[in-house]
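Based on the provided sequences and hints, a complete structural model is requested.
Start counting at 1 in the sequence shown, then tack on 134, and there's your number in my numbering.
Because the hints were derived from the structure by calculation, they are not lab data. Glycine is no exception: its CB is placed at the ideal position from the N, C-alpha and C atoms. You may find that some hints are simply not true.
Distance windows between CB atoms, simulated [what the hints assert, rightly or not]:
| # | residue 1 | residue 2 | range |
| --- | --- | --- | --- |
| 1 | P316 | S268 | 11 to 21 Å |
| 2 | V309 | I190 | 30 to 40 Å |
| 3 | L299 | P335 | 21 to 31 Å |
| 4 | R143 | L210 | 43 to 53 Å |
| 5 | E187 | R143 | 36 to 46 Å |
| 6 | I190 | S268 | 38 to 48 Å |
| 7 | V177 | F216 | 18 to 28 Å |
| 8 | G310 | W147 | 39 to 49 Å |
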Amino acid sequence: MNKRFSLERKFGWLAFPGLIRSIASLQLVFFVLLLFRPEAAEVFIPLAPNIKEGEIWRLVSFVFYPLVDPFSRFGLVFSCFFAFIAMRISFLINDVLEGFWGELRTSLFVYAVIISQSLIYFFDPIAFAAAGRSHYYLSIFFAFATLQPQFVFRLFFILPVPVWLVAALAGMSLVGNCIRMPIFAASFLGPQIIYFAWATPRLIRWMRNRGKLRVRRAKFESGRPSGEQTLHRCAECGKTEISDPELDFRVSPDGKEYCLDHLKKSDKGTAP
Numbered sequence: 135m136n137k138r139f140s141l142e143r144k145f146g147w148l149a150f151p152g153l154i155r156s157i158a159s160l161q162l163v164f165f166v167l168l169l170f171r172p173e174a175a176e177v178f179i180p181l182a183p184n185i186k187e188g189e190i191w192r193l194v195s196f197v198f199y200p201l202v203d204p205f206s207r208f209g210l211v212f213s214c215f216f217a218f219i220a221m222r223i224s225f226l227i228n229d230v231l232e233g234f235w236g237e238l239r240t241s242l243f244v245y246a247v248i249i250s251q252s253l254i255y256f257f258d259p260i261a262f263a264a265a266g267r268s269h270y271y272l273s274i275f276f277a278f279a280t281l282q283p284q285f286v287f288r289l290f291f292i293l294p295v296p297v298w299l300v301a302a303l304a305g306m307s308l309v310g311n312c313i314r315m316p317i318f319a320a321s322f323l324g325p326q327i328i329y330f331a332w333a334t335p336r337l338i339r340w341m342r343n344r345g346k347l348r349v350r351r352a353k354f355e356s357g358r359p360s361g362e363q364t365l366h367r368c369a370e371c372g373k374t375e376i377s378d379p380e381l382d383f384r385v386s387p388d389g390k391e392y393c394l395d396h397l398k399k400s401d402k403g404t405a406p
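Next up, the structure:
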């Protein structure tokens with residue numbers, strides 16, 4: 135915990151509250167701009183010659199290009215609708231990541247994703263055409279799905295789809311692109327390095343804790359439970375599945391078990 139506070143004291147100035155929200159809002163602004171000035175799309179392309187001539191802003195301008203193309207073949211109404219949906223989902227992701235990580239760690243994660251993507255596009259401009267702009271969104275979406283795998287989207291406002299399933303399909307598509315175009319595999323996977331660097335240790339801890347929980351469950355079920363015996367107990371508030379049957383419990387990366395109300399607080403002490 136002291137390490138976390140030390141990090142915030144040293145690098146707190148890097149925190150950008152609502153960073154993902156701000157990027158999504160600017161994308162919507164540029165979406166409207168491009169409807170009237172289509173030629174402005176050129177400024178979002180990270181052209182290496184232009185960057186070397188001093189147009190440094192091109193290293194990050196691609197992030198602000200709308201995820202939904204204003205000139206989609208499906209028509210303007212479709213584009214406007216899904217541009218708005220993309221912005222709303224971005225707002226949701228921003229709030230979830232900041233809820234778990236805090237503003238500083240969320241900002242550092244986004245900065246790292248953008249920088250990694252910028253470096254790839256600078257040294258391999260063709261990768262921009264192959265990999266596209268969606269990899270920034272993939273990274274933050276994968277992080278969101280890892281933290282809240284049971285969150286449910288309503289497809290067409292009707293069909294419930296858990297976010298882990300959407301992330302799994304996106305991951306399969308990413309792997310498929312790498313297999314289909316192996317020459318661009320590094321460009322496809324490069325921007326995801328930041329996510330993998332954070333998620334891999336978390337996955338390892340989760341697998342270990344899952345094994346421990348399985349052992350605890352087996353001992354609990356094989357014993358003779360009484361009113362005092364519980365399987366789950368929040369390390370923060372002490373609530374159990376007996377004292378509050380409606381509560382869900384999760385094992386945090388610190389190895390302790392928390393109810394969902396206190397899980398976010400415990401995860402804020404874990405760097406992204």
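For each hint, the structure was consulted:
Look at P316 against S268: about 19 Å separates their beta carbons, and that is inside 11 to 21 Å. Distance hint check: the CB atoms of V309 and I190 are about 33 Å apart, consistent with the given range 30 to 40 Å. At roughly 24 Å, the beta carbons of L299 and P335 sit within the given window of 21 to 31 Å. The hint said 43 to 53 Å for the Cβ distance between R143 and L210, and at roughly 49 Å that hint holds.
A C-beta distance of roughly 39 Å is found between E187 and R143, which places it inside the suggested range of 36 to 46 Å. Taken as a hint, the range 38 to 48 Å is violated for the pair I190 and S268, whose Cβ atoms sit roughly 23 Å apart. In this structure the supplied range 18 to 28 Å holds for V177 paired with F216, their Cβ-Cβ distance being about 23 Å. A C-beta distance of roughly 41 Å is found between G310 and W147, which places it inside the suggested range of 39 to 49 Å.
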